[in-house]
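Chains as they are written, first to last, in the working numbering: chain X, 6 to 423; chain F, 6 to 423.
In case anyone wonders, no lab produced these hints; they're calculated from the structure.
The structure displayed is predicted, hence computed values, not measured ones.
By construction, the Cβ of each residue, glycine as well, lies at the ideal position given by its N, Cα and C atoms.
Straight-line C-alpha distance at most 20 Å; calculated SDA-like pairs for lysine to any residue: (1) X:Lys101 with F:Ala42; (2) F:Lys123 with X:Phe19; (3) X:Lys101 with F:Ser100; (4) X:Lys191 with X:Asp60; (5) F:Lys123 with X:Leu11.
Over 10 Å on every C-beta distance to chain X, these chain F residues come out as not near it, computed from the model: (6) Ala182; (7) Ser184; (8) Trp211; (9) Ala253; (10) Glu255; (11) Gly279; (12) Glu322; (13) Asp337; (14) Gln352; (15) Lys353; (16) Asn388; (17) Lys399; (18) Phe406; (19) Asp417.
There are 2 protein chains.
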Amino acid sequence: MRQSLLFSKSRHNFPRDEVANNAKMLIRAGFVNKELAGIYSYLPLGLLVLNRISDLVRREMNNLGAQEILMPTIQNPQIWKETGRWDNLDVWFKSKINAGGDIGLGWTHEENVINIMKNNISSYRDLPVAIFQIQNKFRNEERAKSGLMRGREFLMKDLYSFHLNEEDLDDYYEKVAHSYRLIFDKLGLGDITYQTVASGGLFAKWSHEFQTLCPSGEDQIYISEKRRLAINSEVYNQNTLTEFGLKAEELLSRSSCEVGNIFKLKTRFSEPLGLYYSDQGGENKVVQMGCFGIGISRLLGVIAEVFSDEKGLSWPEVVAPFLVHLLILGEDKEMTFLAEGFYQKAQKAGISVLLDDRKESAGQKLSTADLLGMPYRAIVSKNTAGRISLKSRKSDKEEIFSVDSLINYLSDIKSKLC
Amino acid sequence: MRQSLLFSKSRHNFPRDEVANNAKMLIRAGFVNKELAGIYSYLPLGLLVLNRISDLVRREMNNLGAQEILMPTIQNPQIWKETGRWDNLDVWFKSKINAGGDIGLGWTHEENVINIMKNNISSYRDLPVAIFQIQNKFRNEERAKSGLMRGREFLMKDLYSFHLNEEDLDDYYEKVAHSYRLIFDKLGLGDITYQTVASGGLFAKWSHEFQTLCPSGEDQIYISEKRRLAINSEVYNQNTLTEFGLKAEELLSRSSCEVGNIFKLKTRFSEPLGLYYSDQGGENKVVQMGCFGIGISRLLGVIAEVFSDEKGLSWPEVVAPFLVHLLILGEDKEMTFLAEGFYQKAQKAGISVLLDDRKESAGQKLSTADLLGMPYRAIVSKNTAGRISLKSRKSDKEEIFSVDSLINYLSDIKSKLC
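Whenever a hint applies, use it, and build me the whole structure from the sequences.
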């Protein structure tokens, strides 16, 4: 894309009430626009990252054999009353239909997905089955000061699984845990993301969260580097340590952000809503369920925050809006011709390039490139003498390429991305 | 995809309160699930169609040079008060933030997009620019009895354009009108969709709707076949006829459904919200705006309805969930081997196939295929003698192919789809 056409501008100022570092940088770089506390618009570059995160997660859900659906935001109170989650929770945004009747905005979708499955599960032959969606959630958070890391409106991937019995649920739970580790590895967060023991609620002893180390994270975890395991501070006590064979002195206390969670719901919701199947002997049994979340827009905030430096953002290749930011420094015709030639060839090779063709100073272009944070910065200037210099956002080392050798070099990088 | 794995089942019964033909069929075929009046979940097959319609529309928006963003559902009342659209409209779903403050659910996004553009337009150099999103809208409709054709929550593409002056807006308006005709042509609706003169509101004399003929449509239009033009009944009078050079006796009155609209907003919203630019002389001027909608989920309903017959749905190739529905009639091993071989080859060739590998009777499979409505039905049975018979959903004529010749035949069809 030509940067001269990109409407979203980087800014020096940002909303004064914005305290979260991730949101500050994403606003300054023109990736998002703040609308209200915890509520953001995604501008072209931000939407590209959001979509790449979604696509990566979607591929892994498909690999798990899960089928994609899309449930509505507007929720029918009736099904939430049956599970007791309509009246006693202040997480809801509620409203009314003019023609009569209350509604709520979906903050999770267990009740809704069970309502759907009651039409589609009747026999043991219909199980197991897994369903996911990538959809907005609405939560009436008391505080929303962590930018994209805690939104009142946010994008989430939620996967629901349905099983004949607890053993099958247990097996699938481990498969999803493995898939989640793969996802965070692919996002470049594997090294700083810990599978973390957390409360299982009223119906299971434990659940697991995936917590990414992040200085501004709202959670506190105790990590065992050796075991690649952590304990959420909420369940950190001697009993927990004993159960998992951990010693307090081996653990490090760290701030973190919950990017995923996996949960054995068992029959907590399927029973009150009457989701039954008939087994091989014709007997009616309650369906066992699991649920598995990943915060898509939260990951945008976490990735922005953990990979940035004082100059700005620094996107992992796999989710970057563009692989290359190509700057033309100067207004010489030969330089423009060279840059345009590279830009055309790159597009043909499927290499995404943001071409800074604006009439700005070299200093302005260089600092914008650091702020926007594409993985590679390419420069055409008088100094490059008919060739192109390339530098990774993460290093200071520049290398000089001819157009064709640079296309080959970047094609190699691109082919390694999933 | 293997139909034995598809969780969504076709049903013989459907919600008794559902009166709209499009929703009845989509529910019976397992494409959607009804949650409340005017509120549906999209199941795997329905979501595939919805995504294909979105993708087709998105490509044309990109061709118009528009940049994609995503604005939130939750709206800040402040900006809507400035245009006078917060208090005097009952279309809103409103709610409250627990920490204090009202919110509304976006039923359109002019105020929001202007709020964004105030950070990004300052000079004549920033214009013209066009922005679109594909996003859920929420409207507190008094009646929601037309299925997917009038949802309380529905998916819409909304495009907003920003211009230096009215002439540039007028030019862009014609470009969008042309793009819309292309979209409806590609969807197979071109012949029954009329650009329709409608009211321009308080700030323009006319706007245009794109109305698709549909017996259960809620609108009434007067069409001139010869001119490929229609007049909405709301503005149908002698003055209108005179202005457009039409005679009452040449026009046919028809029921229709509004699938798109294009509107010159001029300065109706940009002025109260203070969206200015400085022109070449340094003078401050108000930005001229246009807005252009297409109902994505409404199109799903319209396409379901206008192309169906008494046996069920019949999808145009360009939006069908799968191009081919392959039925194995019988449980012979050789037949299964043949069908699996075709299925594998088709996947490699990028031809999407739904393989009915269920243990059901031939009659059941044949009627399900008609209900689900893939463009082509392929059959492997004893009668096809080691080959495959192919029939279009729209005709009764069957043709027999070898596996390889069928792959070639379908590859040709696929390559012609955009």
